[in-house]
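Number of protein chains: 2
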Amino acid sequence: MMIDEMWLQKNKLKKLLSQEVFFLDLVKEDAVSLRLRKELIEWLGLTVSTDRAQATIVLVVNPELSVNAEAYEIQENLIKGASSSGLLYGFYNFLRLKLRGKKLEESSEPSQALRMINHWDQVDGTIERGYAGESIFFGTPGSNDNTDTGSFALREIKGDIFRNDFTRLEMYGRFLASIGINAISLNNVNVRGLGTNLIVSPYIEKVGEIARLFSGFGIKTFLSINWAAPRLIGGLRTSDPLDEAVCAWWKKVIGHIYDVVPDFGGFVVKADSEGEPGPYQYGRNHADGANMLAESFAPHGGLVIWRTFVYNSQTDWRNRKNDRAKAAYENFMALDGDFADNVILQIKFGPIDFGVREPLMPLFGALKKTNQMMEFQVTAEYLGHQIDLNYVLPQWLEIIHTDNYGLAKDTVKENSPLAANSGFVAIGNVGMDENWCGNKLAQANFYGFGRMCWNNDLTAAEILREWLDMTFVDVDERAKKTIYELLMTSNQTYEAYTTPLAIGNMIVPHYHYGPSINGYEYDRWGSYHFADRNGLGVDRTMVTGTGYSGLYAPELAEIYEDINKTPDELILFFHFVNYDHLLHNGKTLIQTIYDLHFEGYNKVLEFQKSWQALEGKIDEITFRNVSQRLELQVQNAKNWRDQINTYFYRMSGVEDKYGRKIFN
Amino acid sequence: MMIDEMWLQKNKLKKLLSQEVFFLDLVKEDAVSLRLRKELIEWLGLTVSTDRAQATIVLVVNPELSVNAEAYEIQENLIKGASSSGLLYGFYNFLRLKLRGKKLEESSEPSQALRMINHWDQVDGTIERGYAGESIFFGTPGSNDNTDTGSFALREIKGDIFRNDFTRLEMYGRFLASIGINAISLNNVNVRGLGTNLIVSPYIEKVGEIARLFSGFGIKTFLSINWAAPRLIGGLRTSDPLDEAVCAWWKKVIGHIYDVVPDFGGFVVKADSEGEPGPYQYGRNHADGANMLAESFAPHGGLVIWRTFVYNSQTDWRNRKNDRAKAAYENFMALDGDFADNVILQIKFGPIDFGVREPLMPLFGALKKTNQMMEFQVTAEYLGHQIDLNYVLPQWLEIIHTDNYGLAKDTVKENSPLAANSGFVAIGNVGMDENWCGNKLAQANFYGFGRMCWNNDLTAAEILREWLDMTFVDVDERAKKTIYELLMTSNQTYEAYTTPLAIGNMIVPHYHYGPSINGYEYDRWGSYHFADRNGLGVDRTMVTGTGYSGLYAPELAEIYEDINKTPDELILFFHFVNYDHLLHNGKTLIQTIYDLHFEGYNKVLEFQKSWQALEGKIDEITFRNVSQRLELQVQNAKNWRDQINTYFYRMSGVEDKYGRKIFN
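Chains A and B, in that order, give the protein sequences. To convert, note that position 211 of the first sequence is 211 in the working numbering; the numbers rise steadily by one, no gaps. Numbers given in the working numbering equal positions in the second sequence, counted from 1, plus 1000.
Bear in mind the hints are in silico, worked out from the structure with no lab data behind them. Keep in mind that a hint or two might mislead.
[To be verified] Under the rule of at most 25 Å between Cα atoms (straight-line distance), these lysine-lysine pairs were calculated in the DSS-like manner:
#1 K565/A - K609/A
#2 K321/A - K1098/B
#3 K1010/B - K158/A
#4 K1098/B - K638/A
#5 K1098/B - K1010/B
#6 K321/A - K1661/B
#7 K1321/B - K661/A
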């Protein structure tokens, strides 16, 4: 098995640089500078001289370059970093420019201070919402069969829970650093079984080994915790955050972690959500819970990353005033200003759950006194499981540039009391599959997330061009253009044949792939479409609906409140709309539904045709990998087209204007 | 743990008979007469004399009593059997009369020659569609946690696959014989893993031990086989029934079985269905497959029981002419007369799958030259999982008295060339739960199935009275009346709040409990309701539909073909009916749907109230067991009521005539 090198192809880089002589001009040696030497000497096999005069390329650490220690500057044969981390980023970006044949001139510092990947890896080697094989951190050597099936019970574990594949982990650290990621959490936020024990011996020692590897790449390591750990593994009778014994237990545990992992990042916490334990069960609020942990972290410089994905997963569909979209706002808005400085709220970009289309979560812009991170999902839970093509950057960039309360892309930073404790975070999409992401083209989202964090001003097109140039180095421009066009339209295509107009969760429950129009309609998870013979959609207006639209700044609220002002893409998220209602596109709702599903499916057929034409023009492995995925995507798109069209035809009784085949 | 004795309560029987002296007048000693002695002496601890003069009760085998060896006659102090089996049945029926305080006079012979229970038990101890704990045959001693979840992968097995609980098995044999069951298959018809190996050493030896125990109770033991066994465990490259090596392999395996189990019953075969292998994959038909096996069984007197539950589980919902209801007929009707004498077709009572309401399978009456058995399901896969109360005898008896081609209850016998090779069979409902059936009241279905097989003329009410009198011996009449009324209306109540009017499979996929209106609507299993804004139902008429109604005898076909003649209970099975169509009940379809769901739920509340009034009047264990189940049933009925009413309100837009609450 040849593990895919993604966009960092050693032999190609080596060839470009083999004539060069490097010289490192450092202020001091540290883990990162040592990694930089390793990258040059071990990884690429290049020449590093101790004599500056012989050098053709000089790498310099210069703290005066910027107050931002991660900043770098590239000027032809000179790479500068404000710190060794800055220099490492400068080096990888130098490689990018070199591979793309671009002018070696760039000056840059990251838009977001924290650029984090959350792993939902479990100690049995499975990954919740993983579509690319088993965990690279945990699991049995050689095993790669267990992927997400929507059932999250742990398998039986025998022996060591760690996979111990440090070759993989080193490659992974390199990918992460090359796109600017500087924080990672290793384990699923739903912490089960031995996952609870990762924070104590003998497990924390192995976490320490992994953390040391990542430190060299400028990456801090975090762990997700189970809120009930004091009870589950501490032998206490309570996990009440205001209980003295509980505080003392956490203090001891955290102190021990720093003995073993001196640069440990902190904890990621999912509490009081979807059945997980939390402070609510002791009558405490989220600030009580987070601040208690934060106090023990403060002396060590550690962080408490507290997720706001908190909602009552026992919603009764009978009550249409219940609105899961309001849950995070209602749980956290009143606590603005109550959290300690080393607490960060991790807030999903939208109010529901990484959906095909959601508006911006209204907490962004509204929260003014709380450190915050915006959460994305690189793994394609709702976006096609890395089977269907879906380059998601267009969606993410639209979200981060949505303006609520006069702020746009800098919302999270400017509204965080400590800018250093703010940023972007995403659930990762890699696993033990040969190409890391199941679908080779899904690497673009992993790459894109990092690049978006680093530079909020890049466009989806620019990021994709970068990725394509680096990934398909020797491929001719026409072929690259084909892939470019396919990916650039993939997100809107997926939306078209699945759930356009922000309809919501019409997916197979738990599994979240393929259509199940009423899969969640009468269930307890709080995501409904309310389709009837007249129309569909969720009335979230203030006047007649759940009042959700009123959570936005007045300028946005006014738009979302008004069915005639709400953009088509979001209309069913905010309004119950009759089938014969005319959208901004000049067509009725029902005709729009039909059109998008017919067009979406046809577009996938075009994808397939375009891809077939690439045979022989790109490497065989990638060609076959994506061909197989497209085969499945065609089936999926067909199922969506036919089930959605038939369902709404049966409901509405309205014929397709163009007489296309709708099964009755 | 005290294992429930069901209707055979030792201490009560002992008390009634302790003054008696028994004498056995046998023609010869055999396994069954030995069991009879054991029942008297070991089980009940009664006095058996070798001196007829001392006897107060005499048990006689008299072959002249009847040509039917299973016949018995009870005359006060004399119990006669036409064979030792007949005498054993006479003895248990004597106990029944005694326990009920009835006159000791009865002459009887069985209506059905074969009276069989199929177990869907798996070698890992789980039971497919089991709702009463793990298998009594297989599994780890002490384990009883694994019940049906709709996922049928085998668990890992360590060590012996057999449970070896012969105390349980002896009790079970007694229950079976007491209600006249004379055949049993031990393992699931979907034969997986080591289940395939049960027919060979070292497993067949343990099957032999079980079979010997059951022989004493007059019960023959069968095994389900995997059609691909020659390939899977025989080392052959094919399972083609016309391949000589395949025939030779089966002959050798069957010969060996009879060396170990001299009175082995035969095989039960599910072939070419729901993904299981079968003769179709070699271009052979079902007669080829069955007759090949039958040839090897013939010298040993063994049977091949071949299931007709064969359908294409890859149905495309887009084609409304596809009709799973026709599948068995289409696969088997043309083969009538082609099967060997020792082959029996096992045919489900209805054309789909043990549903809440189905018409009679049209093969009954139409098949004239093929031995046949009618198949029922005691385990409540579609009828409430033994959580919801559902005394199913009213439904079964209606089915067996349905007249197709001039025959009614004797169809299966009269149309079978060898009457001895015909009968009724059911999937059992017992497991390792303390009360065997999960719900104490579900014992009535197990009891009732046996009684219905024995005597087709018993009514549901008579059977229930028997069971109640024997089960609640010391309970006062008023309390028994309460339970009687509750059970007698339970089947129609379940139908009312779930899927009345033969709507079909609106259930949670795989799991088959609780509502999921579109759970199967766009799936590959071929059971659809086609609801739209105008109405719902499946058009199975000859003129405009799938043509299924034409498979019946002209008198029945004429009724089912005509929407105005089809009984309300079956109307949506045969017709697409508009919401405003007036049913025979004088109400519109939509109002009938609303009424039944409101009334059904209210009835369950009444059940609960009636049951609560029994506290202190019946034993505490039963009281609590059923109370807990009723709690769950109320929730289930509420979910059904609200989801069905809301769904069809959203679809039809028609308000409830009485303004009851329908959530919108």
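Q: Would you check the hint for K1098/B and K1010/B, treating anything up to 25 Å between C-alpha atoms as holding?
A: Distance ~13 Å between K1098/B and K1010/B Cα, so the pair holds.
Q. Is K1010/B within 25 Å of K158/A, Cα to Cα?
A. Measuring from Cα to Cα gives roughly 48 Å; hence the hint is violated.
Q: Starting from K1098/B, check that the Cα of K638/A is at most 25 Å away, please.
A: violated, 66 Å
(Q) Holds or violated: K565/A and K609/A, Cα atoms, limit 25 Å. (A) violated, 38 Å
Q: Starting from K321/A, check that the Cα of K1661/B is at most 25 Å away, please.
A: With Cα atoms ~16 Å apart, K321/A and K1661/B stay inside 25 Å; holds.
Q) Given the hint that K1321/B pairs with K661/A, does the C-alpha gap stay at or below 25 Å? A) Judged against 25 Å, a Cα distance of about 16 Å means the pair holds.
(Q) Can you confirm whether the C-alpha distance between K321/A and K1098/B stays at or below 25 Å? (A) Given pair K321/A, K1098/B is violated - Cα atoms ~62 Å apart, limit 25 Å.
The structure does not agree with the numbered hints 1, 2, 3 and 4 stated previously, though it agrees with the rest.
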